Structures are given as C-alpha cells and as structure tokens.
Amino acid sequence: MFGNCMMNVREKTPLVHNITNYVTVNDVANILLACGASPIMSDEPEDVVDITSICGGLYINIGTLNKRSMEGMFLAGRKANELGHALLLDPVGAGASALRTNTSRRLMEELKFDVVRGNISEVKTLALGSGTTKGVDADAADAVTEESLDGAVTFAKEFAKKMECIAAITGAVDLVSDGDRCYAIRNGRPEMGHITGTGCQLSGMMTAFVTANPGNKLEAAAAAVCAMGLAGEIAYGRMQKGDGNSAYRSRIIDAIYNMDAYTLEKGAKYEVF
Amino acid sequence: MFGNCMMNVREKTPLVHNITNYVTVNDVANILLACGASPIMSDEPEDVVDITSICGGLYINIGTLNKRSMEGMFLAGRKANELGHALLLDPVGAGASALRTNTSRRLMEELKFDVVRGNISEVKTLALGSGTTKGVDADAADAVTEESLDGAVTFAKEFAKKMECIAAITGAVDLVSDGDRCYAIRNGRPEMGHITGTGCQLSGMMTAFVTANPGNKLEAAAAAVCAMGLAGEIAYGRMQKGDGNSAYRSRIIDAIYNMDAYTLEKGAKYEVF
Amino acid sequence: MFGNCMMNVREKTPLVHNITNYVTVNDVANILLACGASPIMSDEPEDVVDITSICGGLYINIGTLNKRSMEGMFLAGRKANELGHALLLDPVGAGASALRTNTSRRLMEELKFDVVRGNISEVKTLALGSGTTKGVDADAADAVTEESLDGAVTFAKEFAKKMECIAAITGAVDLVSDGDRCYAIRNGRPEMGHITGTGCQLSGMMTAFVTANPGNKLEAAAAAVCAMGLAGEIAYGRMQKGDGNSAYRSRIIDAIYNMDAYTLEKGAKYEVF
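Chains as they are written, first to last, in the numbering used here: chain A, 1 to 273; chain B, 1001 to 1273; chain C, 2001 to 2273.
Note that these hints are calculated values from the structure, not bench results.
Heads up, some of the hints might be wrong.
Quick partial rundown of chain A residues pointing at chain B, CB under 8 Å, derived from the structure [what the hints assert, rightly or not]:
hint	residue
1	PRO39
2	MET41
3	LEU83
4	LEU128
5	ILE253
6	ASP254
7	TYR257
Being a predicted model, the structure only gives us computed values, none of them experimental.
All C-beta atoms, glycine included, are put in the ideal place defined by N, C-alpha and C.
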C-alpha cells in the first residue's frame, strides 16, 4: 500500500506549489525532486494564482511568514480549493507568536485543507486556541510518547474529525488520522531533530504523496511519514566517523532519492488504531 | 579558449551582484566562489544601485520574484547598463505565469542584456510572447534533442540576433549563440535535472565568466555551459553507493572548485554551427 | 574556560532569534543546532516582538536587508534590550552601500549590542563613518595580519570601549575585545573564505555562546571564534580527494556538531593582550 503511494509519485511527477519559509526551502525543493515530484516556489500575491493553477498540489508553511507571503497564501489557497488541488498546512511556530497562531487559525477557517502537519504543540494550538510552543519545537510536556499514546491518538482523531482534514502529528511516535482511523508510526531517529527543516521537508513531500494519490489520502500521508522516518534510519546507517547534522541532512534526502516501493513497504513500522 | 575564459575568472575574481530567488541562492553563492568569483546579494531598491556600482556584473533571476525585488531588478539593471557591466537574465518560469512572462519581457525591453539563459520553453516565451512552460522545467514538446537540433540552432541564432544578446538555451543539448555562430554543447548528465537550481547556478557562474572576459562574451558564455556540464560528469563519476541528488548537488560545486583550465579544455564537448 | 562556554550552550540549549540574510540562513540554523542551541527565524515586524520574547538571544545580520526586515530589526532589538537578552550585530557589507552603512550605524545608536562581529572593513566603517569594504569581504588594505596586529589590537580595544560592546573582528588573525582585554586568535584556515557564510554562521553561533554565558560574555565570544576556526581546521583534515568548498561547508558544521569541551580547550590557539 505505502509502496504504491510512493510509486504513484514517481510515475505522476506531480507539480507542487510551495509557499514556504526561506530557511529550509532549498531542502524542500530537493526532497520533492528526490521523491519524484517537481517543485515550484512563488509567494508574490500577483504570481501565486497563475502558479498554483498549473500545479496539482499546494503546500503552505508559515515559517518566516510576512504580510506579502500571507496574502499569497490566502490567494493561492482559495484557487487551490477551487481547482480541487491537494492542500497542506504546516503551522510552523503556531503558539509561539500571535501572528502565527492567528494566521494558521484563519487559514484553517477560510481554506479547506486536506492535511495539517505539525508537532503536537502546534496542532494543540490550532485545536485549543492556545499552546505552549517553544520556538519551532514541541514542548516536552506535550510530546507524544509511548506513555501518552492513547490520549494522543484520541486527540488526533478528534482534531481530524472536527477540522475535517487529515491530522499528521509528528514526534517520537507519529500519528496520522482522518478522524476514523489513526496510524501510529515508529519510523525515524531522534537525531533528525538536530537538523533544521526535517518537518518542513516532510510536509512538502507529503503534499506530493497526497497529490499523486487523490483516492487514498490517509494512506498517502502516512506513507510520506514512514518514508521520511525510514530515510532517517537509512541515512543514519550511512553516517561515517566525523559526520554530523549537515552530512545527515544530505544523506536523508539521498535516502529518499534511492528509496523504492519495496524498501518503503518492508521498512514501514506502524499500527492502526 | 574555454580554459582561458575560466582562468580569467580565477585571476580577476569578478564581484557579481545577484538578484535571485531564495530557493537556490546559497548554491549560486557557493558556485560563484567555487569558480573564483565573489558573490554579493541585494534586492532592496534602496540598496541595489550602490551594490551594483561596486560590482563588475549583475545577474537577474526572476524565480520567487516579488514587487520589491522587481523594482530592484530594474534599478540595478539600469545602473549596470549605465556602467557597462555584464548583465544576464534568467527568466525562470517565464510562460508559467503572466507576472513572470510580462516581467521578463519588460526587463528585455528596458534593459540591454548581454546574455539570456533559460530552458527552451522560457526562451520561446520571450520570443513569441507565449509558451508552454510547465513550472520551472521545459515542456517535453519543446526539448532540444538531436532530432530537433537544426531547428533549435536556427531559433537560437534568430532570437540572439533579434534581441541583440547572447542566447544560452540549455537542455539535453545546450545552445549558445550570438546570432552569427551557435555552439551546440553536449556536456552534462540528465541527473542534473534532479537537483534544484543547476540552471540558476549556471546563470550565476556564466555572469562571472562574461564579466571576466569582456572581449570574448560568446566564448565565455559557452565555456560556462561546458564547465557546468563537465562538473556534472565529474561529480557523477564520484558518486558513492547510497548517494542521491543531495550529494550530487554538493559534488557538482566541488567539481567546479577543483576544475582547472586544462580539464575544461580537454573535457568540453561541442561543435559550432 | 572556552570548553565550559561550549558546555553551557549544550546544557542550556538557548533559543536564538535570527533576523538574517536569506543567502546563508540555512547554514546558520544548522550550525546553531550543531552547537547545541535552537534557532528560530522571523523578520516580519508584526511577528518579531513575540518571537524574540520567547528567546534568550537575538542575532541581527544586515545581509539582504530590506525595508520590512529593517523595521523588524529595530522592533526586535528594542524588545531584546528591554528583556536583557543577548544581542549581536553582524554589519554585513557596511561600507559597501549607503543603506547598509547607515542602517548599521543607526542600529548601533538606537540599540545596545553585546557584540558586534564583522570583518575589519565593516567594523572600521562603523568606527569611522566610512570604509573601503569591497562587497562582503574585507579590503586587503585593511586586513589584520601579523604585521598590522599591534595597531589592530589597539583599534579593537578602542572601538569596544567607545561603543561599549564586545568587538569581534575576524580575519587572518581574529580579535575579540571588550575594551580592556583583547584575544588574538589564530585558529581557522584561509579556505574558509571560499565558502559563503562562515562569518554569518560564526555570528549566529556566537549569539548562542553569549546567551548561554551571561556572566562571561568576552570569553564566550572568543570561545565561539576559536570553535569556528578549529572546526575549519578539523574539517580541512577530513577533506577527501575531489572535495571542494561545498563539502568543506558541510564538514565544518559537522565538526561543530562533534566538538566537545576538551577538544575546544585543547585546540584553541590564542593570546591575550
């Protein structure tokens, strides 16, 4: 199943429009190419409607948002909704500033997202209207662990049901739910948190997976999470003496580039609740 | 000849002003340093005239253009023309949106470019006023291949003559023409398309080559194309098991860093029409 | 001493707010993570006050400044001052344009910086109101060498005393002074100048060091300079045949990632004037 989702990306090479932060944008572009998709970036309000029209999916990430790019997000998002394109939100730092919290809530209200992908603190902020996000990382008190898993699964399902979207909440255990079912995924390595942008990259890649699998969005989103985590495991196995987070960053993208359906299928570690 | 063009860059270390997209800007800076040039980035209208004045060349790339940077492009471009600096346009995504198409056409009308470097779809858009650009990649129907080479050479020459600039059209076969002569270059690897920004990087490096070889711009532009393609070949030869597009990206810049005049001279594969 | 400064970063994981250029921002984020800190980027005026409030330090870098980000710098800087946060300025290209010169001087007037980190041409511009900055690199005539060391030490001390901050002037020999004492540091490699952004990265990391060592800012700033230079030496020792500036860039960040207090303590090469 997950292998098929990846194959569909490689076969359809979906064009994905990214309105994302300038910190990790290059890695987002390269991981989209690595998984077989084609990236295009544009955030100018006068440009975004045309650009999103030629794409199949739109990825909105609010890291380093500004007044201009915010306007671009709403314009592009409305067009994407109108055209029935896949639409994903990564609410980077929601809870860390009023602007980020309010913007992500407004985006959720005015647009219909297929997927919201964030850490638990960011998603709780969207659910509850407040959060304890510390910067761009999840608060330790919020972290999804084996101990807190049951409650977190319930939260993910309720959030997805209420918001009518797929919730992808990543952490030590990753949760992907459409309200009815919830994948709990145990791929990945803690060292992935020592690289900037693994979350942003995952969201970009997930947009491509959902775009290429319109009839199977929940599985596509979960497949992207497994692929990213598995890439983190494979890349970790390729680390050499002296390598650090920069080499690791590069090796993760390379692991996606070389991943085939069989490897993903075999390496995916998940259960369904 | 091509070797000399590269040596001139390494000896003169031209300072190049870049107004370019935020996706691949870091790679553009690093490849400029790799080839022996010195990069500076600035797109704020109040800053660009001063910055371009201390440089020898200006590289304008319209990827992720916005209202502010567009104003910067025109201001810097006029100053560069006034000072007789080398000026290059990379019309990223011309044909993919009205803003990109119109902006690149306006830039061509109001400024005098030494070189326009793009894929065939982008350059056709500039020539014909419309195009079938799919995102930032050339449309397959437009691709320059061995079969379509004759027609493409004629198109490149006519475009260069009409626009009074050097046309550098890159694809499976790369064409570089000043209207009279046309280099057809067969360096490079298809895998270079799996990295974001190899085109942007080439345009940046080409600006340095043209800046450092003012009496020999056609050869300088062609030399940059050969150098980039050859770097792609050398880097491919250094790929290890498990490497992907991220490692390849890094190895290409490294190959430029280590390339000497003799290697370029010997490795360049081209014919002149 | 320097080892302790680094250990404090790894133990306290300070959250650092970065308003920095889009060219090297990804490397700044990754080196902050590599040294044990946590980065967050935000330059929108409506966002910066909230973001800086949850951080411990603020790093302002004027490369690719624009009207919007400039407003963000002043707003965030005032809040950081109010909260007693560590505050660092990197006046990239001061002397190269009126906007950059005036903006860095205005920032120095309106805000209280703990540290100013730049090359000698940039710092002279701040001291004298004019400079001979060539692009983003120091003018050769200004360079701090063994021959010009005595005069440069005097200049660094006087600048620090007058501006009431720590002056960190980097070059062939690096100087770090609080007005009374001056560290002259001889770590590093000339090849670090072939990578874009080693200065930006050092400034980011230095902000983390100063944030985590509030009672010991001079030593913390000097420790960051030694750590960066030592990383350049370690990374150089790991270069393979065919590696260039791109591999070097990655290996430097990796060397910071793997550096422990003992290695820094043992590898630091400095004298105090």
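Against the structure, the hints come out as follows:
no.: 1; hint: PRO39; in the structure: 7 Å, holds
no.: 2; hint: MET41; in the structure: 5 Å, holds
no.: 3; hint: LEU83; in the structure: 15 Å, violated
no.: 4; hint: LEU128; in the structure: 33 Å, violated
no.: 5; hint: ILE253; in the structure: 4 Å, holds
no.: 6; hint: ASP254; in the structure: 3 Å, holds
no.: 7; hint: TYR257; in the structure: 3 Å, holds
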